[in-house]
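With the hints as extra help, turn the sequences into a complete structure.
Residue numbers (the working numbering), protein chains in the order written: chain D, 1 to 181; chain P, 1 to 558.
Just so you know, not all the hints are guaranteed correct.
Facing chain P, a subset of chain D residues (Cβ under 8 Å, in silico) [claimed, not checked]:
#, residue
1, L8
2, L11
3, V16
4, E32
5, A39
6, K88
7, N91
8, V92
9, L93
Derived lysine-lysine pairs resembling DSS-like cross-links, with alpha carbons at most 27 Å apart [stated by the list, open to error]:
#, chain 1, residue 1, chain 2, residue 2
10, P, K338, D, K10
11, D, K94, D, K24
12, P, K189, P, K338
13, P, K300, D, K24
14, P, K313, P, K397
15, P, K174, D, K34
16, P, K318, D, K10
17, D, K84, D, K24
18, P, K300, D, K10
19, P, K313, D, K84
20, P, K182, D, K10
21, D, K84, P, K278
22, D, K88, P, K182
23, P, K189, D, K10
The hints are simulated quantities; they were obtained by calculation from the structure and are not laboratory data.
Even glycine gets a Cβ: it sits at the ideal position worked out from N, Cα and C.
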Amino acid sequence: MEAGTPQLVKLEDLHVPGQLSGRKHILSIQVENKPGVLARIAGLFSRRGFNIDTLAVGPTDDPSISRITLTLDGAVHPIDQVTKQLHKLVNVLKIRDMEPEETVAREMAMFKVSAAVENRAEIIQFAEIFRAKIVDVARRTITIEVTGSADKIEAFERMVRPHGLVEMVRTGEIAIARGSD
Amino acid sequence: MESLKAEGVEDIFGIPGGANLPTYDALVDAGIRHIQVRHEQGGGHAAEGYAKASGRVGVAFATSGPGATNLVTAIADAMMDSVPTIFVTGQVRTELIGTDGFQEADILGATLPFVKHSFQVTDPRQIPEYVHEAFHVASTGRPGPVLLDIPQDLSRADIDYEPRTAPVDLAGYKPSTDGNIKQIRIAAKAIANARRPILYTGGGVINGNASEELRELAASDRFPVTSTLMGLGGFPASDENFLGMLGMHGTVAANLAMDNADLIVAIGARFDDRITGKLDEFAPNAKFIHIDIDPAEISKNIGAHIPIVGDVKQVLPKLTREYRALQTDSSRLDAWWKQLRAWQDEHPLFYERGVDGEIKPQFMVEALHRATGGDAIITSDVGQHQMWAAQYYGFDKPRRWINSGGLGTMGFGLPAAVGAKVACPEEQVVCLAGDGSLIMNCQELATCVSEEIPVKVFLMNNGYMGMVRQWQELFWDRRYSSVEMGASPDWVKLAEAFGATGMRCESSDDLEETMVAALETDGPVLLDVRVAQEENCYPMIPPGQAARDMVEAPRRVS
Numbered sequence: 001m002e003a004g005t006p007q008l009v010k011l012e013d014l015h016v017p018g019q020l021s022g023r024k025h026i027l028s029i030q031v032e033n034k035p036g037v038l039a040r041i042a043g044l045f046s047r048r049g050f051n052i053d054t055l056a057v058g059p060t061d062d063p064s065i066s067r068i069t070l071t072l073d074g075a076v077h078p079i080d081q082v083t084k085q086l087h088k089l090v091n092v093l094k095i096r097d098m099e100p101e102e103t104v105a106r107e108m109a110m111f112k113v114s115a116a117v118e119n120r121a122e123i124i125q126f127a128e129i130f131r132a133k134i135v136d137v138a139r140r141t142i143t144i145e146v147t148g149s150a151d152k153i154e155a156f157e158r159m160v161r162p163h164g165l166v167e168m169v170r171t172g173e174i175a176i177a178r179g180s181d
Numbered sequence: 001m002e003s004l005k006a007e008g009v010e011d012i013f014g015i016p017g018g019a020n021l022p023t024y025d026a027l028v029d030a031g032i033r034h035i036q037v038r039h040e041q042g043g044g045h046a047a048e049g050y051a052k053a054s055g056r057v058g059v060a061f062a063t064s065g066p067g068a069t070n071l072v073t074a075i076a077d078a079m080m081d082s083v084p085t086i087f088v089t090g091q092v093r094t095e096l097i098g099t100d101g102f103q104e105a106d107i108l109g110a111t112l113p114f115v116k117h118s119f120q121v122t123d124p125r126q127i128p129e130y131v132h133e134a135f136h137v138a139s140t141g142r143p144g145p146v147l148l149d150i151p152q153d154l155s156r157a158d159i160d161y162e163p164r165t166a167p168v169d170l171a172g173y174k175p176s177t178d179g180n181i182k183q184i185r186i187a188a189k190a191i192a193n194a195r196r197p198i199l200y201t202g203g204g205v206i207n208g209n210a211s212e213e214l215r216e217l218a219a220s221d222r223f224p225v226t227s228t229l230m231g232l233g234g235f236p237a238s239d240e241n242f243l244g245m246l247g248m249h250g251t252v253a254a255n256l257a258m259d260n261a262d263l264i265v266a267i268g269a270r271f272d273d274r275i276t277g278k279l280d281e282f283a284p285n286a287k288f289i290h291i292d293i294d295p296a297e298i299s300k301n302i303g304a305h306i307p308i309v310g311d312v313k314q315v316l317p318k319l320t321r322e323y324r325a326l327q328t329d330s331s332r333l334d335a336w337w338k339q340l341r342a343w344q345d346e347h348p349l350f351y352e353r354g355v356d357g358e359i360k361p362q363f364m365v366e367a368l369h370r371a372t373g374g375d376a377i378i379t380s381d382v383g384q385h386q387m388w389a390a391q392y393y394g395f396d397k398p399r400r401w402i403n404s405g406g407l408g409t410m411g412f413g414l415p416a417a418v419g420a421k422v423a424c425p426e427e428q429v430v431c432l433a434g435d436g437s438l439i440m441n442c443q444e445l446a447t448c449v450s451e452e453i454p455v456k457v458f459l460m461n462n463g464y465m466g467m468v469r470q471w472q473e474l475f476w477d478r479r480y481s482s483v484e485m486g487a488s489p490d491w492v493k494l495a496e497a498f499g500a501t502g503m504r505c506e507s508s509d510d511l512e513e514t515m516v517a518a519l520e521t522d523g524p525v526l527l528d529v530r531v532a533q534e535e536n537c538y539p540m541i542p543p544g545q546a547a548r549d550m551v552e553a554p555r556r557v558s
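See below:
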């Protein structure tokens, strides 16, 4: 190359960034609050073979906008491709791939556990340790509400399962970015 | 209606029915030409042909239920090939929705995977707004089909139309068109350093009306150009830099060029499996610059080293300018061109000539080129004849080659020709049909006759669904299963029954003159050309294999 000519790009220096992150991702998606939007998103995921781990839908402070929070496995899915496909939906306004360190994520679950007289005390103790709330007591069962990270909920499930887990209901995770200061 | 007129709609293809009666009533004095097709699928493909030939948005109407579901194939086809189209379906009255009412079908739900966007009207005052939004979405960014579903009672309502003054602004739809200039500079510098570059161009060049800009880029140095099926005509086939089509039935030179390139510049192309073959072995030595208006295409199938999101019409001139500014020594491409020319010389497109007047299908395409001066709008169905047309016609201009690429819809050709002829009445429009395909939508001959649309159908009649037969011959031990057309109609009589002119040709000696006669005959003509029955389409990359596994036409040992 002659002196003074601009630096060219060497082809061997070009690389494609890796497609798979290998970790769980939480996507926080703002969509127009219109009929059929969820069907469009669900359809897109099934058609492209993307697997949703959890999904939570709710209103935002703006009644014309809803928020969909979904989690998926970045070890299996190229998240970049997922978000680009989502962006092609006209009703999708904004997508945020939440950074784990800068995000507070929570999920709620309710556990209906069989609780005979002899193990009732132990279950109540678990609930206290996990800072969970007892929301219903019946003759044979106790229902406990747990809020926290997905890990915490799964840990609680492991504790109560041996006592007889009658039913478990989970909301799926929701997430918000930490304040910046 | 007023909203459609405000969008410049002059022609609509469709069929009325119960649920769109109010719309059809309004059509009576709307001053818009309505072409009454004979099947809604035909109307959908006609709208596609119209859009592909002219670049304007194609519009098709259908009623609810079966009318709407008959459109689905055309909608899916328009999605795959990025055709700017609007499909307006009637729907049952609002109070009947969800009750399984007569002729009710959830067309919005059914077409979700196949539309760029869709609307269901819930208030008549939405109609003008939705129509304008539909045109905006269908025709900008990466074009595509938009569905507008209107319940009967709402299309009936009288509303005042106020002409729209503000441009459409959708919060969730902002295609980026400029192309990042830093990325474009990096791309220019990479191209300047490439020893074996190739421009791999696709339908985006046609859709983006960027043929001129592509020519400028190719001319900025001696860059070899190859094109996908959908991109043919985007770069002149007769240009010496053109290597021919690439992919499954592409030329040996084009495919070996991709296989050996060190830098592939993808321009409005999407690395479809018919291009790449076995993905792991595709272009093993190459780095990729990928220019596309749809960011989701970039790194979908092949990771892009230099992604550029933008409209090719805007990006290419910038790339050309940046590249020229580098003043690169083009002698670095000498060795590459020597190699490319050697491949071209050693492996031209080849077929054994027919003897005793036998018409080889490739010869038929060559004769078609001569008879039309190489300047007709050619539509095709799907199969062998489509590939031969792509290989042998030699398209020099964009929007002259209209076919179903992504979805591969048999029966596309005739209705697409109807649409193309309506869009471009001054142009010669020929549907090069296959006999397996033509019968799937042959009812549109009635449309040609009654609407006085003089398309010429040149039927490549080999008595088989030829491409399927070829696969059964090559990959399924010649166990032919349901590929013979058996009792096909007498096509000449069929044409005549419809009120068109029927002609037949059985010898290569008079093929070209018969074609010219057909072209000079007034009104629609169906010319039944009896071609060699078991000819195979070569070269061919067997499915799932790599470019270097390409199979060429066997040569007769003399």
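field: Numbered hints the structure breaks, given as an ascending list
entry: Structure breaks no hint.
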